[in-house]
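Q: Now for the letters of each chain:
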Amino acid sequence: MKFFSWLRRARLWSGFWYMLGVLYFILPLYATLDFSLRIERDKISLLAYQKAFADPGFLQTFVYSNILAIITILVGLILVVPTSYWIRLRLPEARRVVEYVTTLALVIPAIVMGFGLVSVFGAPIKVPFTSIQLTDSLLNSPVGTNFIVVMGYTVLALPLMYRSIDTGMRTIDVRVLTEASQSLGANWFTIIVKVILPNLRASILSGALLTFAIVVGEVTISSILNVPAFSPYLWLLGQHKAYEPAALSFASFLLIWASMGIIQIVTGGRPQAAGAK
Amino acid sequence: MAQTALPASRSTTPPVNAKRWLGVLPFFLFAILFLIWPSARLMIDAFLDSQGRFTLANLVELFQNQTIVSSYLLSIQISAVTALGGGIFGFFLAYSVTIGGLPKVFRSMLITFSAVASNFAGVPLAFAFVATLGRTGFITAVLKNVFGLNIYTAGFNLYSFLGLSLTYMYFQFPLMVLIMAPALDSLKNEWREAAENLGATVFQYWWHVALPILMPSILGTMFLLFANSFGAYATAYALTGGSLPLITIQLRAQISGDVLHNPSLGYAMAMGMVIIMAVSTTGYIWLQSRSERWLK
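If you read the sequences in order, they're chains A and B.
When you line the first sequence up against the numbering used here, it's residues 1 to 277, in that order.
When you line the second sequence up against the numbering used here, it's residues 278 to 573, in that order.
Chain B on its own, in the form it takes in the complex:
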């Protein structure tokens, strides 16, 4: 085999050779078997009724069933809120360690912490927030004992929209930091100097120069954050035990639950999820490629 490949010096037009594609065959075989086939199967099943006949009823029900529509909306809301909140907070954090003038040590600490936090999700994260903001949680207790403020009688509840959003933020804003820090690095000093020489104020520089350049990257990453929390299941389930009807939680109840049990409808819900994930991921990729025009 080594002999046939010996003259590997770069030939300008490699011969069209199906054999070369054999090298990536295992990868595609794997992808087809364990990624494409299972997802395609759910998409197809969404169009079948329980007897295996073609039907559009599942898709129609997706839009007519009030519970399903509202669980889609709830998931979209929580993803949008945490993408926006996490995006803005993460941006300011990334700013503070790049052009914000904080010492270098702060930056490497923040980056490491962000890498850890964006991977700290699921069951342990839910338990951590119960220990923090639950009824007997640390912050709850401090606020009550030190400031005399009982957040639970004031209407706060960890197992609610706000509580889950605060929990999701823990893996959302670190992801923003990880992507925005390099983007902020590539803002060129010359741009600021040029703006200053022309008499621009700091506000004008940000509004007319820096933000327009950064905007595709900021928005793109927010799309990624959106997808990141839209597909989330474990954290929400571990925290609320299913009492907050996100689409992922409803989907599971529909396919394998005891009460709701209509797998075909569940498959249609899965298809809707994949479409929303695809749109938001495409938004991320498209905006990210646009941002590379200025930021390298």
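Okay, chain A solo, but in the shape it has when bound:
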């Protein structure tokens, strides 16, 4: 009996905290939505959304950030999938070092990373201890700058990408799949692309969507390297407009919601947190 009365009180207690949590989650979103609909006096309208989406700056920066995100996802996958696969299959002793490196990516704040990249790649690169110049400063050309931005983003997304892929790799029997494919005459490329990747669909999708959320929201590295990305644009818009930024903020919330929702559905498990803080 005592246990049940305790349980009832516990429910009340839980309900209290849950309500508080729901309010904390919902209120800022509701406020943003509400504000974004009030561009016209005494009238609810979607005008702020129309204006925001019609701005050529929005389309340019949003498309640019999406392209960056796609390239970052590809680079991340090409880097992480074979590495994680090889560690599982042949090189378990490298696990610790690789995990250490991915943790290091968590330790270096984005702003430090940004200035580090500028300081290394903003100057001509020489062979160490000589004056032989390998390349001019990579940040002089748009291609070079975009390349460095993508590499920076890949580093930012590395911890989450690695964890997603490695978790997926753990649930499949890499050794058996590899031996079976080899006995059927497959080469390494075929094994990874046609056997391992399809088995990792859920992890790849969740790693990709987390990377997407990071890249589209990222403002630190993109503003240090001065590339026309979406978040710096949104920030600038907020300097001289009121309703359109609110509209875009709410829209980007929906975008993140969609990404995390898909992760929830395909993995049925726990998505992780990252984000451009």
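Keep in mind the hints are simulated off the structure, nothing from the lab.
Glycine included, every Cβ here is placed at the ideal spot set by N, Cα and C.
Hints should not be assumed to be uniformly reliable.
Just a sample of chain B residues kept apart from chain A, beta carbon distances all over 10 Å, derived [as the list claims (entries may be wrong)]: (1) 464; (2) 517; (3) 525; (4) 533.
Calculated cross-link-like contacts (lysine-lysine; reagent style DSSO-like; alpha-carbon spacing at most 27 Å) [said to hold, decoys possible]: (5) 421/B <-> 241/A; (6) 194/A <-> 43/A; (7) 51/A <-> 194/A; (8) 43/A <-> 421/B; (9) 296/B <-> 381/B; (10) 381/B <-> 194/A.
Starting from the known structure of chain A, arrange chain B on it as the hints suggest.
A: For chain B alone, kept in the frame of chain A given last:
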């Protein structure tokens, strides 16, 4: 290539073979080029003056310059407050959907929401809080019109320590929920039953059994939350426009600003940040590994 790798049946002692390490070479090459080299470069630059000569002056100034010391302290304070606040709030939320007896649906809703909120940071988050608690924000207006309370004349300001803390909380407590919910799941029912059979009260069970088991996990995650907000830049900048001198904001002003411009000092500040981040991340990893003793 397939032929050489054919006899892959598990040999108990794999031959020490440098070739196997070639498989992870691209990963390490990438890490060295774009993670280790840039960070190491800043660390080295922290010891150089503007002429490129060795000096300890930047490090000394780190401790002597009052502005820098106070911006470190401000960042540490805000990280500690939001880690503690977010940690406690997140713990109770995780509790409510695990052993707190709320229906299962509530749990999956909370977890999804937490995943979204912990990724909803930076510029959009700042704008959302302006719309909520800014001068004309939704809650500000409701409090004024319905309760007759003007929080701004009462001393509240969104662009202050308290305001930024409330904003950071939006990505802090969800992270706690995401990590604590599985930890709370692994509290064994037998432990509670054993405690009850021995006549323990609910308080005694929590104080002597559950909390000591959960403590490494709780503290560890708070370390993670600390690091999470210590390295934050975008949210604070978008919200306060740099008026709240956090270390990240001062760092940027020092390296690329117009007014303060002493990059070497900025690099030393960056090094200090990395050290604090490393300590707090190490705390997280160490405590997390300790918590696995009981919680699997």
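Q: What are the numbers of the hints the structure violates, in ascending order?
A: Of the numbered hints, 3, 4, 6, 7, 9, 10 do not hold.
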